[in-house]
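J.: Using the sequences and the hints given, assemble the complete structure.
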Amino acid sequence: MSGASVRFFPVGNGDMTLITLWDGTTILIDVNIRSAADDPNDATFDVAGDLRKRLKKDAQGRPYVDVFLLSHPDEDHCRGLSRHFHLAALSAYQDKPPEGEELKIIVREMWSSALVFRRASKILTLCEDAKAFNKEAHRRIQLFRQRKKLYGSYVRSQIDAGDRILVIGEDENGKTDDLSEILMKVDERYSKVNNEEKNQHISMFILGPLPKQENEEDEDALAKNRSSVVIQFTIAADSAHQDSCVFLTAGDAEVLVWEKLWDKHWDGTSVLEYDLLQTPHHCSWHSLSWDSLSKVENPRVSPKAKSALSQAKGGAFIVATSKPIKNDGNDPPSFQAKNVYSGIAKTAKGEFLCSGEYPNERTPESLEFAVTTEGPQKPAQKSEAKTAAAAGQAITRQPYGHG
Amino acid sequence: MSRQTIISSEALAPLLLAIQHHPSVKLAGQVPLPSGETELELRVHVELPSRSKQTGQSLTGVREVEPVWLLLPRTFPFRAPAAYLRKDFCRRLPHINPGRSDERVKPCLFAGDPDEIWQQDSGPNTYLDQLVVWLSRAAANRLMDLAQGWEPIRRDVLLDWITCDLGQVRGLVERYAGAYLIKTFFVQFSHGNGRRLFSALQVEQRQKSLRNSGRYATPSREACGITNTLLTWSNEEDEGQPQYCREYCPETVATVSELVNVARTYGCNAFGLKLEQVLDGLGQSLSAKSSEWFPLMVILCARRPVHLINETSNLELIPYVVDVKPGKPLNPDWPVRPLGHRDSICADLLQRMSFGRAGTVSGTILQLGCGSLGSKIAMHLARAGLGPFVLVDNKILSPHNMARHAIVGNELDMWLAKSTVLQQAIQRLGGQAQARVEDIVELAAKLPPDKLLSHGKTRLVIDSTAALCVREALCSLSPNAVSGRLVNTTLYADGRMGIILTEGQGRNPRVDDLVVSLYDQCIDTSHLRAQLNPDSNALSQVPLGQGCSSSTMAIPDSRISMFASAMAERIQQMLAGGFSEEGDVWTGLVGEDGITVSWQRSTVGHVTVLDVDNKTGWTVRLLPSAVATMQAEAKLWGSTETGGMLLGRVFPLRRCIIVSRVLAPPADSRRGPFNFTLGFEGATERINAAQAASANTLHYLGTWHSHPLGGSGSSTDYSTLRTLTKQRDGVPAVMVIWTPNGFRAMVS
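Line order of the protein sequences matches chains W and F.
Residue numbering for the first sequence follows the numbering used here, starting at 1 and increasing by one per position.
Residue numbering for the second sequence follows the numbering used here, starting at 1 and increasing by one per position.
Treat the hints with caution; some may be incorrect.
Said to hold, decoys possible - BS3-like, lysine-lysine: derived pairs with alpha carbons at most 25 Å apart: (1) Lys192(W) x Lys148(W); (2) Lys148(W) x Lys96(W); (3) Lys260(W) x Lys313(W); (4) Lys56(W) x Lys378(W); (5) Lys135(W) x Lys192(W); (6) Lys26(F) x Lys349(W); (7) Lys382(W) x Lys106(F); (8) Lys260(W) x Lys175(W); (9) Lys26(F) x Lys382(W); (10) Lys326(W) x Lys349(W); (11) Lys378(W) x Lys26(F); (12) Lys346(W) x Lys382(W).
Just so you know, the hints here were simulated from the structure itself, not pulled from any lab data.
Predicted model only: the values in this text are computed from it and were never measured.
T.: This is how it looks when you write it as structure tokens:
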């Protein structure tokens, strides 16, 4: 069944979310493709295979996403990127992949946080996949700057799919000043996807990354803390129903981010509302509280952060994209955080779910919410036999004949 | 109630187990019915869209917990249960089967046959899962995926049918609201428990005024006759705005007044009058007996916002039948039934059934010979929606042909030309066909017939006559005279062997080259030899009547079909994939088990065609295998002359010699720089052995030798040739000379 949807892939503690618009346009937010998931002999759910099944192919048969958005460059948000995605000019695309490998996925337009302009430092260390993302982002920005020199204005429309990039948030050192055409600024609403106007399909209200704060002592540490892209997506079920599913996603945004967002929007909370919330930082306690769970006796939830995360519409779903959540002192995912979110969901007559527990802990599968005219809809619960088949227990079928 | 009509607990167990373990389904009741059926009542949990959760009911009225009844038929578990929803379940959804508004709602759960799905390992689980998915889609109004197109109203389970070409009917719909009366043939009959109606629209016949034939009974049908179909539609736009019907109307129409309501929803407007006024007028002017119900068809046309699934048009045609009492004023309570639609027979439909999609353009097929093999091949192609056809045969269909001819004729078809009978059959399939009751040899001798054809250029000529005279006539034509590729299909050895010969581009190789190549294959392939041996191919005299017999092969129809189907498949491959440059020979043989047919292909490349030097009017054709041997031998001996003996076939009536094979020279042959002398030692034995191995289809033709320095035949060569002919009692002999610049040939 086609149609708009939001799909969470089971990637342990990590994010990998595919938004599909009703016309088939795809926006992939983060990836965390662990090597076990790529190993056919390992029972871990094959997320890359599942993703590839859902992607369209271009005229040359190459799989692509219209947009890849990296919320921030932590490894659990970009693992497997260079293994599965083409991160270079299209002219360097390998039509015949080496034996045992698949065609790489083309990213028609990259969406990157302005953090891409930060130099790596002791705290801001980057894994190989993050470096590869940064390198490709810089190539695309460089190409934009070259074109801008040549053509002046209206450069964005003169850049081809595969070379396109949008930068989210402004860099405080002025490094984004000449990029206004490809900038998505905080507190603004956008609706172009891969350079196409999609206001019949989706709009994005940019809530983060947070701008530089005063009194930042260790700038890098805080920069990382607040660097995640925070977006409220409003997704249409069809051309007649634009406001069908409001989806709030925030990478690893921590408590400071939510407090600041509440300070900014407490008198206009509609930009924080959601029908579907991806719990920040894999259901981490530190998105809700400054207090350490282990060191503080009665750790307190920040009222502001909780308010910012409580703008659930009636019946809203809250999804922790994490490992199964246990009362075992782990964080993330935190059992205490789950309790807070469950409370928020209950108040809204909604539901709290964990991607690592869907449909069961043993054999998690990707969890797709259909975007309907009345909000997101959870998949129908099917019989367990199907799940047993996914675990390798074969169901036999007789072929149908023709008489 | 007999014992076997009660469903046993063993038969029920798998379903009850599946219900017990299903996360979304609970059993609420189990009632055996007096009819022998069993009804299960279920409570199904439905995942509502988030924003409907507070009210516990979706905008389409689906509840968080829905009651569902499964009616298990007496034939359970061989047939699947039928699912029913509550009577007030929203009917304005796609994938709901037609039903009256006072009946429980019947969802259409599966695209396939539920009875078959039920037989699988996980049948009950699959069934329950699909029920749950169906309800969750109904809750979100997602049963229709507009990206794929508009889901037409379900019409699967009906008893009454209308056939027409949708494109043709849609072509009648105009921009402004209106209506059209179409002449319609109908048949009413009993089938199983119910009375059924079948009707066919004759769109090309607009009714100027309302006419009908009345009904008349026929022996096999209850009644048939001519009536009218009223097609009515809405305005395309209103003040510049396109007018679409976005509403999915429930199929609950059972009376005239309900039909009128639905027509209003679609905006249909006939002649500026209300539908009931038009129907009243139509009914009153009917001249049939007023005591009997008389069928009037109505097709409502709804303009949808998107195209229909798998179609390009957005016009949904929704047909009904109204039973009226002729001459009586319209009664709003008169019964109306929805009609199912079936496409009328046409190439599009046949191609969809054959290939999964329409759009194959085959070009004109010229079928020479409409006997048992030709008629079967042509019918296979026609059933695949290919054509048009030009059918040539002047032989008549007589009773003994019923043993094997593709067309089963009645007494009226007997004594018509076979081509005419085949033409009628293809036309009944909606195909284009022209019959030419002509002598095939006469027609073959004067091809191309293109200017005589009404269907454009011929793409394929199929010779299924198995007649040597037709093959010879076709071979006598220049490449330009034959439009399209020539394919020869023939059965041998009482139908134990079949061949498909396809000529190459520009008729090179030609069908005679391919035949000789086939004969040549016998030398190395003993089982081919056995089948092509004249003893295996003797025609026998089969008595057909008193003092009357036919010279034919006695072969059962089934064995001819074993080959005809493969031949038609091969022809379809070529029509779809195009023709290769080279020619080929396919040989199919029935194995010893009598049912295995194995086919083998050999290709034949470009044939070297030589006009002989000595102006005798002969043509010598060298098959590529013979050319290759001579070239290799000449190269081996370099500046020394060499040579050997030639095997092949002479076609004296066309003055044509085809060389298929080169035999090594006898041991006592002498090679020298300026001459080559063929020896005698063992030559006769070698030639006789090869000739016998070819099942006596090939014979010794003459000799070849090389002229490394070039040049044509010497006086010695001519005198040798004369000697050779004399030895052969006047049978023409050939001498081929290889030179570095090419071959030369002489024929005595």
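J.: Which of the numbered hints are not met once you compare them with the structure shown?
T.: 2
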